[in-house]
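Asker: Put together the whole structure using the sequences plus the hints.
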Amino acid sequence: MKDLPRLLVITDRHGAAHPLEAIADALCVPGGAPWLLFRDKDLPFMERRLLGTALREIARSAGALFSVSADLGLAFGLRADGVHLQRLDHIPAARGKLGPGAAIGFSAHSVAEVSSAKDAGADYVTLSPIFPTASKPGYGPALGLEAIREAAKAGIPVFALGGVLPENAASCREAGAYGVAVMGAVMRAEDPLAAVQAYF
1 MKDLPRLLVI TDRHGAAHPL EAIADALCVP GGAPWLLFRD KDLPFMERRL
51 LGTALREIAR SAGALFSVSA DLGLAFGLRA DGVHLQRLDH IPAARGKLGP
101 GAAIGFSAHS VAEVSSAKDA GADYVTLSPI FPTASKPGYG PALGLEAIRE
151 AAKAGIPVFA LGGVLPENAA SCREAGAYGV AVMGAVMRAE DPLAAVQAYF
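To convert, note that position 194 of the sequence shown is 194 in my numbering; the numbers rise steadily by one, no gaps.
Calculated directly from the structure, the hints in this document are not laboratory data. None of these values were measured; they are calculated from a predicted model. C-beta atoms are modelled at their ideal positions from N, C-alpha and C, and glycine is treated no differently. You may find that some hints are simply not true.
[Said to hold, decoys possible] So the derived label-pair ranges between C-beta atoms look like this:
(1) E167 to P100: 33 to 41 Å
(2) F76 to L165: 19 to 27 Å
(3) T53 to E146: 36 to 44 Å
(4) H14 to Q86: 13 to 21 Å
(5) L43 to A93: 16 to 24 Å
(6) P132 to G77: 32 to 40 Å
(7) A54 to D191: 32 to 40 Å
(8) G144 to R6: 18 to 26 Å
[Unchecked claim] Straight-line Cα separation of at most 16 Å, EDC-like style, residue types lysine to aspartate or glutamate; simulated pairs:
(9) K153 to E113
(10) K153 to E174
(11) K41 to D12
(12) K97 to D81
(13) K153 to D191
Answerer: Pasting the structure below:
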């Protein structure tokens, strides 16, 4: 298993209190976010590439990991540390393109998908939504802590995502989550660094 950080911060400029570059500047410092996942998939390609380049440089300067959501070509072009995918059949291609050292993740919304992602060669999964959340609509009811307990049996690092706040993050880890993934609670914060540090 790769030595992955225990906290993954996902970008969302639509719900952000500040520009993403400013948030990354605040987060990517000692004691801040150890891993940034660049989402914002709705941006036109060149805009996404430019923003991704800026965020990658900020993350790298602080020694934080930087991953790209959904776009393997962009992840390769930005020399990202990994890619986070929504399709199981894209995992082998991602491994081939990014190499054995890359962190290949998958968005799982059921325990069965967690096992399938492991079998396909993913390094980790996000499992969502664990709790009710406005940031992850359309994926059905909250899965709850029992889903984490079952998913953890698959033998792949599971990051709890969806409604995960500082006050319930510990319960996710106690249920077997390797770590937690957060988006809205950090993106919306006036002080994103303080919001991240509340999870430690």
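Asker: State for each hint whether it applies.
Answerer: A quick look at each hint next to the structure:
1. In this structure the hint that E167 and P100 lie 33 to 41 Å apart at CB holds, the actual value being about 38 Å.
2. Between F76 and L165 the beta carbons are some 34 Å apart, a value that contradicts the proposed interval 19 to 27 Å.
3. The beta-carbon spacing between T53 and E146, approximately 41 Å, falls within the hinted interval of 36 to 44 Å.
4. Between H14 and Q86 the CB atoms are about 18 Å apart, so this pair conforms to the stated range of 13 to 21 Å.
5. For the pair L43 and A93, the supplied restraint of 16 to 24 Å holds, since their beta-carbon distance comes to about 22 Å.
6. Checked against the hint of 32 to 40 Å, the C-beta distance between P132 and G77 comes to roughly 36 Å, which is consistent with it.
7. Between A54 and D191 the Cβ separation comes to about 21 Å, which falls outside the hinted range of 32 to 40 Å.
8. For the pair G144 and R6, the supplied restraint of 18 to 26 Å holds, since their beta-carbon distance comes to about 21 Å.
9. Distance restraint check for K153 and E113: the Cα-Cα separation of roughly 13 Å lies within the 16 Å cut-off, and the hinted pair is therefore satisfied.
10. Between K153 and E174 the CA atoms are separated by roughly 14 Å; this keeps the pair inside 16 Å, and the hint holds.
11. As the CA atoms of K41 and D12 are separated by approximately 9 Å, the hinted pair is consistent with the 16 Å bound.
12. Between K97 and D81 the CA atoms are separated by roughly 12 Å; this keeps the pair inside 16 Å, and the hint holds.
13. This hinted pair does not check out: K153 and D191 have alpha carbons roughly 36 Å apart, beyond 16 Å.
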